[in-house]
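S.K.: Chains as they are written, first to last, in the numbering used here: chain P, 2 to 388; chain F, 2 to 388.
The set of hints was computed from the structure by calculation and includes no laboratory data. Heads up, the beta-carbon is just placed ideally off N, CA and C, and yes, glycines get one too. Where hints are given, some of them may not hold.
Stated by the list, open to error - Across the chosen pairs, the derived CB separations fall in these ranges:
1. Asn199(P) <-> His250(F): 57 to 63 Å
2. Pro24(P) <-> Asn360(F): 50 to 56 Å
3. Leu388(P) <-> Glu278(F): 34 to 40 Å
4. Ser361(P) <-> Asn113(F): 16 to 22 Å
5. Lys282(F) <-> Ala249(P): 30 to 36 Å
Stated by the list, open to error - Computed footprint of chain F on chain P; a stretch qualifies when at least three of its residues, placed anywhere within it, have a C-beta under 8 Å from a C-beta of chain F:
6. 23 to 36
7. 48 to 55
8. 73 to 79
9. 208 to 219
10. 266 to 278
Protein chains: 2
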Amino acid sequence: MDIVSNILDALRSVLTSQDAFYPLHEPLFSGNEWAYTKECIDTGWVSTAGKYVEQFEHNIAEYTGSNYAIAVVNGTSALHIALMLAGVKENDEVFVPTLTFVATSNAVTYCNAIPHFVDCEESTLGVNPTSLHDYLQKITIKKNGFSINKETGRIIRAIVPMHAFGHPLKIESICTICKEFNIKVVEDAAESLGSYVNNKHTGTLGNLGVLSFNGNKIITTGGGGVILTNDNELAQKAKHITTTSKLAHKWEYFHDEVGYNYRMPNINAALGCAQLEQLPKLLKAKRTLYMSYKKAFDKIDDVRLVSEPDGCFSNYWLQTLLLNDSISDIRDKILTVTNDSGIMTRPAWTLMHKLPPYNSAPRMNLSTAESIEKRLINIPSSPQIVL
Amino acid sequence: MDIVSNILDALRSVLTSQDAFYPLHEPLFSGNEWAYTKECIDTGWVSTAGKYVEQFEHNIAEYTGSNYAIAVVNGTSALHIALMLAGVKENDEVFVPTLTFVATSNAVTYCNAIPHFVDCEESTLGVNPTSLHDYLQKITIKKNGFSINKETGRIIRAIVPMHAFGHPLKIESICTICKEFNIKVVEDAAESLGSYVNNKHTGTLGNLGVLSFNGNKIITTGGGGVILTNDNELAQKAKHITTTSKLAHKWEYFHDEVGYNYRMPNINAALGCAQLEQLPKLLKAKRTLYMSYKKAFDKIDDVRLVSEPDGCFSNYWLQTLLLNDSISDIRDKILTVTNDSGIMTRPAWTLMHKLPPYNSAPRMNLSTAESIEKRLINIPSSPQIVL
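Same shape as in the complex, but just chain P (with noise of 0.2 Å):
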């Protein structure tokens, strides 16, 4: 038997149902989101007033242990923001992990800044902290405190580690050399909500971080995403400059400074709120499904499914298969055969550095997430399929 039918015979030892369509991933409504939206149609109160986008701010800094959560339109509009805030400005450098949803370069673009690619590591999916701590002492030289690419002279100002898929890096290290860098971390946590590292909520270790909650992500607030952070000046000025810069006043409109129509609104913040309490089953869920296909796919040779770190707390949100190199070529086979059989599967993201916008920018060696995106393979991770 071949290794395409051997793994398509896991993935049908987890999903059973032959008849059904297995989605990527699917949002559950089981809790209050009927109560809460219909709370806000029968209130008048959907859009940039009303009590949800306040106490979802609220529960969210409550759960991620961040002291400021602000809700936004979505992940994007809040990678956008957290790198403003982190003073990246006009032809900064910012670090990217090629590895990721574009979302996170065109952030840095939105910024007039340059994304510069980094590579991962095969264990974590994640920036590499010793590739990166070698990179940055051969590029990099110190000027005025900052760390500047020597070769275009220009200030490397941010990095923007992404969990992939909700699977924890090493953020810890990657904080720790940045901080001898004089780097700003803004932690991409769009995919991780759930997810920790030595039992700090992903997200809230850099200087700024980033949640999604997309229809696809494990909690959906239809569009929508929050900036965390633990320094109340920028708490504050997310908050302005994602509500157009408008300065309170009972009537008057005056905006000191450009800002944006980023705010979240109520409606949608009310859908978070009712999601966010279903969250533990959710990640309960999950976790069950990893542990039912870790059992399936322990069994095949030639493949391997994403596991958490030591120390660390996947959301499993997106179950991940890596194949072994000499398996390599058979990738799309999987992928055409699963997806005709109704098991939705996916590749990775094609990589930053491929992409005609960001083609020409600069990177450093990039074989690992290369060698990465040629092996890995998405399955199917609704919690549906577990309860």
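The hints should help you fit chain F onto chain P, whose structure is shown.
M.R.: Structure of chain F alone, referenced to chain P:
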């Protein structure tokens, strides 16, 4: 009896409940809002996929008579993308009325272009075609087919005329002038859904147009906007760039240019579909309210209620009082007395050229807008007042 008491009495003749608080504008949910929203939650389609976004786009296109409508996350993002599609680039100048909400100027800044402020006229509150034409003749030279600002050397690429408070401006004359000077027209109809100029819906007369469905607008999606265009190529480009510029593919994530995460979530579009069904009723109520106010304020010298110009149909989104110049010094007293009486009133926005981020931007003589700013008061305009 003094003029402030007369104005309060006129308001009280329409807003008859002494104990009620009358906000400037409240949304009204009296149709299928809950049914459609509930369907999103029941089916799990609250976010980037689902039938309502497409249906909302179709219904808005049909209602406005625009060939295409592209739903986005809010009116600001619609303006941003419409300006990009009009060809606005770094260092271009864009004419912006100084009497507008700050989003109009900010959208220009997001394109790294420079707002250049223009005056409005007393009759429509919108851009004055005569002074625009004179100004263009005075300050521009033609070069390679473009109108160049002689002083700055920059291309004047576009203009964003804005139908303030829903009152239609002389958009046809402005389009004619801009054709002569090769300046693109992005029609800011954020406030004027349901307003027409010679039976053409506002937002459909320029090269591109923009609507907003913020919570304070005549209909709301919580947060939302639409880009209007009759040009198939621009419509396709708008859809592409507002949905991360991802090429359609069964599993690949390939983005061919820098895109934006501006798609309207399905749950917000569901609300919009239900609200749009109510629009005829809301427009009728707004007009009835206008008639009541008109009758009351016709009795007061020195105060005028803004009325639709000949050949135009106004949605009367925000009812607007203009004080005569002789009594402009009592504007703040009127604002104080009315707001203290539970009748919410508001002055015009602080003019754009007086805001810190824009106070050194280029401008024409803005004396009419400066005069109007001192004399304009918006009064309670909710449909509920007459329903």
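S.K.: List, from low to high, the hint numbers that the structure doesn't satisfy.
M.R.: 1
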